[in-house]
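2 protein chains.
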Amino acid sequence: MKPETSSLPLVIRAPVTAEPPSLQDNIADLDRLRTAIARSLPPSLSERALCIPFQAMAGLGRRFREAVFTGHAVLNVLRDRVEIVDFIEESEPVAGVALDLGTTHLEATLVDLSSGDILAHTHGPNRQMEYGADILSRIHFATAKNMDQDGLQQLQAVVVQSINQLIMELAESAGMAPETIRAMSVSGNTTMVHLLLGLSPYHLCREPYTPLVNSPDPFPAAEIDLQINPLAPVWILPSIGSYFGGDLISGILAGGLDQLEETSMLIDVGTNAEVVLGSRDWLIACAGAAGPALEGGVARMGMRAGPGAIERVRLDRDNWRLDIGTIDDTPAVGICGSGLIDLVAELYLARIVDLRGKLCRDTGFGSAKRQKFVRKHLVDTGDGLVFIIVPAENSGHGSPVVLAQVDLDAMMRSKAAMYAILTTLTSQVGVEFADLARIYVAGAFGKHIDPAQAITLGMLPDLPLTTYKSIGNSSLHGAELVLLSEEARKRSRDIGGKITYIELNVNQEFMIRFSGSRFIPHTDPALFPSVPVFRVDSSSEKA
Amino acid sequence: MKPETSSLPLVIRAPVTAEPPSLQDNIADLDRLRTAIARSLPPSLSERALCIPFQAMAGLGRRFREAVFTGHAVLNVLRDRVEIVDFIEESEPVAGVALDLGTTHLEATLVDLSSGDILAHTHGPNRQMEYGADILSRIHFATAKNMDQDGLQQLQAVVVQSINQLIMELAESAGMAPETIRAMSVSGNTTMVHLLLGLSPYHLCREPYTPLVNSPDPFPAAEIDLQINPLAPVWILPSIGSYFGGDLISGILAGGLDQLEETSMLIDVGTNAEVVLGSRDWLIACAGAAGPALEGGVARMGMRAGPGAIERVRLDRDNWRLDIGTIDDTPAVGICGSGLIDLVAELYLARIVDLRGKLCRDTGFGSAKRQKFVRKHLVDTGDGLVFIIVPAENSGHGSPVVLAQVDLDAMMRSKAAMYAILTTLTSQVGVEFADLARIYVAGAFGKHIDPAQAITLGMLPDLPLTTYKSIGNSSLHGAELVLLSEEARKRSRDIGGKITYIELNVNQEFMIRFSGSRFIPHTDPALFPSVPVFRVDSSSEKA
Numbered sequence: 005m006k007p008e009t010s011s012l013p014l015v016i017r018a019p020v021t022a023e024p025p026s027l028q029d030n031i032a033d034l035d036r037l038r039t040a041i042a043r044s045l046p047p048s049l050s051e052r053a054l055c056i057p058f059q060a061m062a063g064l065g066r067r068f069r070e071a072v073f074t075g076h077a078v079l080n081v082l083r084d085r086v087e088i089v090d091f092i093e094e095s096e097p098v099a100g101v102a103l104d105l106g107t108t109h110l111e112a113t114l115v116d117l118s119s120g121d122i123l124a125h126t127h128g129p130n131r132q133m134e135y136g137a138d139i140l141s142r143i144h145f146a147t148a149k150n151m152d153q154d155g156l157q158q159l160q161a162v163v164v165q166s167i168n169q170l171i172m173e174l175a176e177s178a179g180m181a182p183e184t185i186r187a188m189s190v191s192g193n194t195t196m197v198h199l200l201l202g203l204s205p206y207h208l209c210r211e212p213y214t215p216l217v218n219s220p221d222p223f224p225a226a227e228i229d230l231q232i233n234p235l236a237p238v239w240i241l242p243s244i245g246s247y248f249g250g251d252l253i254s255g256i257l258a259g260g261l262d263q264l265e266e267t268s269m270l271i272d273v274g275t276n277a278e279v280v281l282g283s284r285d286w287l288i289a290c291a292g293a294a295g296p297a298l299e300g301g302v303a304r305m306g307m308r309a310g311p312g313a314i315e316r317v318r319l320d321r322d323n324w325r326l327d328i329g330t331i332d333d334t335p336a337v338g339i340c341g342s343g344l345i346d347l348v349a350e351l352y353l354a355r356i357v358d359l360r361g362k363l364c365r366d367t368g369f370g371s372a373k374r375q376k377f378v379r380k381h382l383v384d385t386g387d388g389l390v391f392i393i394v395p396a397e398n399s400g401h402g403s404p405v406v407l408a409q410v411d412l413d414a415m416m417r418s419k420a421a422m423y424a425i426l427t428t429l430t431s432q433v434g435v436e437f438a439d440l441a442r443i444y445v446a447g448a449f450g451k452h453i454d455p456a457q458a459i460t461l462g463m464l465p466d467l468p469l470t471t472y473k474s475i476g477n478s479s480l481h482g483a484e485l486v487l488l489s490e491e492a493r494k495r496s497r498d499i500g501g502k503i504t505y506i507e508l509n510v511n512q513e514f515m516i517r518f519s520g521s522r523f524i525p526h527t528d529p530a531l532f533p534s535v536p537v538f539r540v541d542s543s544s545e546k547a
Numbered sequence: 005m006k007p008e009t010s011s012l013p014l015v016i017r018a019p020v021t022a023e024p025p026s027l028q029d030n031i032a033d034l035d036r037l038r039t040a041i042a043r044s045l046p047p048s049l050s051e052r053a054l055c056i057p058f059q060a061m062a063g064l065g066r067r068f069r070e071a072v073f074t075g076h077a078v079l080n081v082l083r084d085r086v087e088i089v090d091f092i093e094e095s096e097p098v099a100g101v102a103l104d105l106g107t108t109h110l111e112a113t114l115v116d117l118s119s120g121d122i123l124a125h126t127h128g129p130n131r132q133m134e135y136g137a138d139i140l141s142r143i144h145f146a147t148a149k150n151m152d153q154d155g156l157q158q159l160q161a162v163v164v165q166s167i168n169q170l171i172m173e174l175a176e177s178a179g180m181a182p183e184t185i186r187a188m189s190v191s192g193n194t195t196m197v198h199l200l201l202g203l204s205p206y207h208l209c210r211e212p213y214t215p216l217v218n219s220p221d222p223f224p225a226a227e228i229d230l231q232i233n234p235l236a237p238v239w240i241l242p243s244i245g246s247y248f249g250g251d252l253i254s255g256i257l258a259g260g261l262d263q264l265e266e267t268s269m270l271i272d273v274g275t276n277a278e279v280v281l282g283s284r285d286w287l288i289a290c291a292g293a294a295g296p297a298l299e300g301g302v303a304r305m306g307m308r309a310g311p312g313a314i315e316r317v318r319l320d321r322d323n324w325r326l327d328i329g330t331i332d333d334t335p336a337v338g339i340c341g342s343g344l345i346d347l348v349a350e351l352y353l354a355r356i357v358d359l360r361g362k363l364c365r366d367t368g369f370g371s372a373k374r375q376k377f378v379r380k381h382l383v384d385t386g387d388g389l390v391f392i393i394v395p396a397e398n399s400g401h402g403s404p405v406v407l408a409q410v411d412l413d414a415m416m417r418s419k420a421a422m423y424a425i426l427t428t429l430t431s432q433v434g435v436e437f438a439d440l441a442r443i444y445v446a447g448a449f450g451k452h453i454d455p456a457q458a459i460t461l462g463m464l465p466d467l468p469l470t471t472y473k474s475i476g477n478s479s480l481h482g483a484e485l486v487l488l489s490e491e492a493r494k495r496s497r498d499i500g501g502k503i504t505y506i507e508l509n510v511n512q513e514f515m516i517r518f519s520g521s522r523f524i525p526h527t528d529p530a531l532f533p534s535v536p537v538f539r540v541d542s543s544s545e546k547a
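First to last, the protein sequences are chains A and B. The working numbering puts the last residue of the first sequence at 547; the count rises by one with no breaks. The working numbering puts the last residue of the second sequence at 547; the count rises by one with no breaks.
There's no promise every hint is true.
Heads up, simulated EDC-like pairs for lysine to aspartate or glutamate below, C-alpha to C-alpha not over 16 angstroms straight-line [unchecked claim]:
no.	chain 1	residue 1	chain 2	residue 2
1	A	380	A	327
2	B	502	A	29
3	A	473	A	454
4	A	502	B	29
5	A	451	A	332
6	B	451	B	35
Computed spacing ranges between beta-carbons, pair by pair [as the list claims (entries may be wrong)]:
no.	chain 1	residue 1	chain 2	residue 2	range
7	A	27	B	108	26 to 36 angstroms
8	A	26	B	108	31 to 41 angstroms
9	A	71	B	209	20 to 30 angstroms
10	B	23	A	23	19 to 29 angstroms
Please keep in mind that the hints were generated in silico from the structure rather than gathered at the bench. All C-beta atoms in this analysis are idealised placements derived from N, C-alpha and C, irrespective of residue type, glycine included.
Kindly generate the complete structure, drawing on both the sequences and the hints.
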């Protein structure tokens, strides 16, 4: 992940040695500084104008003198120019924050911009959640009448607070003053970026779905009250459209999809499922609402991957024992996306969930052990069947952790949407799944998901498991890359230029494929040769 | 004075016609705007990066939509980039303020940046005067211990208030909203510029006399609370050193000295006397304290050119009548620089002031009319001789307007300094006064002075009067030029690069020449063949 030093971080330090002024050479201090820097600039920067932002002048002048005209200049490396922003001692670190700005969750790292080392890591909630769980409700809050700018300003203030909290934690953890954080990169979906910048998201969710801005120019951190160095450039990963944000560009960067010779695919499931297909020669992408059930947004027991979340489920069908794993091994309080996929896949293979994704009311077949298991776990609440994953006495909150049919339905819609997205996308360019060299799976989803289980459900294509590669929080990794490398910053813009984006909201084919995918594994089982198919028998037909 | 339209004002309007977004073309609004502008940019700008400052985004997005994607973009034309800052209707004017930022006095014009027309003109005091009349006392106030930043901040706030007052007057006079003022250029001496920008002037007056900055980059008006459009670029005329400010660069620009084939000279007397010699191939300059007596700073009756100031004096030596002219023809309240020069020259020719610049105690010669005139006007106050210019009963304030010996002494030092500066400068490059094609005289001094009288005093070289050309407030005119023309902005920087600056504070030759110049017209009368020389006789010798 660590780019070469020659790859030009967003902020660099330049060694400066200048002669003190004399009567024979009494040009202004900042002109002296500018000239000295121009001499020591890397060749790649020598063509760019060297500017001094207004806010920097007084401090620069003072510190340059205090240091007796020798030390290190801090330079913001912008595309069209280089800004001289500070003058520091050699020992002072130059760090930047990479931020994954999620709708529900923020994750950030503190990066040493000279070495590329990760100095600290933290995460926390996006406190905008209090104003609406999903993107649409946030847009509504920001743009509702009679509130006008206020809603927008509130949401901006709240997310800036959330970010400042992380910044404080990062600085504390690394033992650094916040002022020594001299850059920030932000990877987020288009709506989150608009709200962070205080820009109206009104048109994002209205046909024809146009953002106010896709590629904002870098701006000083002080403009939005980020508690880092006021002149730190904030570099926003460019987005491509309302539903295709910088977080995915970041993922493409981190996965290196835009540099690969062979056709590959990137799947990122956050609040939306976002999918990119392509290689260094071409890229095509689409996004759709496949995420909520997998991100804790819909399932009643659902939750984000966090302590007490069931993330792994195995059902031993010889002994009919349910083996669950929670994050941090603490008592279960809910189930996260990967746990849900595991669970439903296992229940399908155990024929407790049928191919339509329904809990099977009558499953009085199989061994006695199986029947005992089913009686213990499958309960009719009067309001429908419920599968008890963890009974009240073993849970972390004193209530049972259950899977209700409604949760299952949401999960089925998500998995159907996901597969429909993947097939729609490949069919657009005539690529077969078997042609894919690699499928990168990003996000918390990608980190925890077991591709075999997702294949069982018909969520991911039935390919050799080695095709799948989890790349973790690629949105965050991409943000780290743009902090560290000008080439990455250029790539992020180039990706926007060469990617073709398919709007699924208006795609007929997608809707047809979505319907076909609402079975386990699929209405056409031939697509999933590795998955056993259990015909719906008459007993469960009654359900 | 009006440059061609093709010369690129600091802020321009670019016509924009863009298609409204559709599902087939739903790129972000600001990307749409940027693309449309890129298409319509003048070829000279097509190489520059098109940026959108953070503060501009929200308003740009809103207005671009309100205008249904057709209208005029407002562009800040910077050297290394073009900033898109607003979107307006065709009818809305785009104006800029040119400011001559003097130590005692401010003068400003409102300029239509499209047509080059001057829309309004005003002037007023620099209210920093309350904190110190001259540059040194301002520097002291700004940097005195126990006050530290406070003194500097106070002086900055006060000059910004003074400027905002002028801006208000200009806007009112032109019937424009201050927000439609979208650019500002400032021409001032190095200290005034430092104080305006809130930069410490500490080293300006201490060897080796280095400014903190000579060439500040343009910055948004809001940075220093100027009450014009917040994103209006403020363009500071570059200075060359502590004692050689942007006001003189501005004068060179306005006079066109840097473009002339023949060697010429520019003299600007403000608080300092600043002189430039050269042509399009070379420029040499120096500055010295020759001004105070001529600017109302020292002479007890001295005042700036303003209503009631005696600006012209003629003594009819046939009838021994004193003919005085005041500004606005109001009763006299004081005397300004040009009046003082006139008066002393006339008194010298009348042998009431001798060649050493002393009022002559015993002048009992000549006609009865002359003797009567002398008795009436030359009075011994017990504290020395005083020449009554206007008696109490005819003055504007009920006291006589007089010339005391102390005023005369200050005037003599100023005139000696001026001539010494001119000769030191020409001798540096081996140019004779007679070689000069033209001598431009700038400032209020240049506007009102009668070169014949200044020659009589030995203040200006004894050349044909047609050599002299008054160019008015060239500091202000230069500021107007940089508002209107990129070529002028480039010239102003180039001048700084090619000018040789002579520091008179450390120049031995200057001191020798200064001593030689403390006579009327000079210790060497051969230098002033047109001026009659009156030997000091024994009677006045006693004085």
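So, going through the hints one by one against the coordinates:
{"no.": "1", "hint": "380/A / 327/A", "result": "15 angstroms, holds"}
{"no.": "2", "hint": "502/B / 29/A", "result": "15 angstroms, holds"}
{"no.": "3", "hint": "473/A / 454/A", "result": "10 angstroms, holds"}
{"no.": "4", "hint": "502/A / 29/B", "result": "15 angstroms, holds"}
{"no.": "5", "hint": "451/A / 332/A", "result": "15 angstroms, holds"}
{"no.": "6", "hint": "451/B / 35/B", "result": "51 angstroms, violated"}
{"no.": "7", "hint": "27/A / 108/B: 26 to 36 angstroms", "result": "29 angstroms, holds"}
{"no.": "8", "hint": "26/A / 108/B: 31 to 41 angstroms", "result": "32 angstroms, holds"}
{"no.": "9", "hint": "71/A / 209/B: 20 to 30 angstroms", "result": "23 angstroms, holds"}
{"no.": "10", "hint": "23/B / 23/A: 19 to 29 angstroms", "result": "57 angstroms, violated"}
When the structure is compared with the earlier hints, violations turn up for hints 6 and 10 and for no others.
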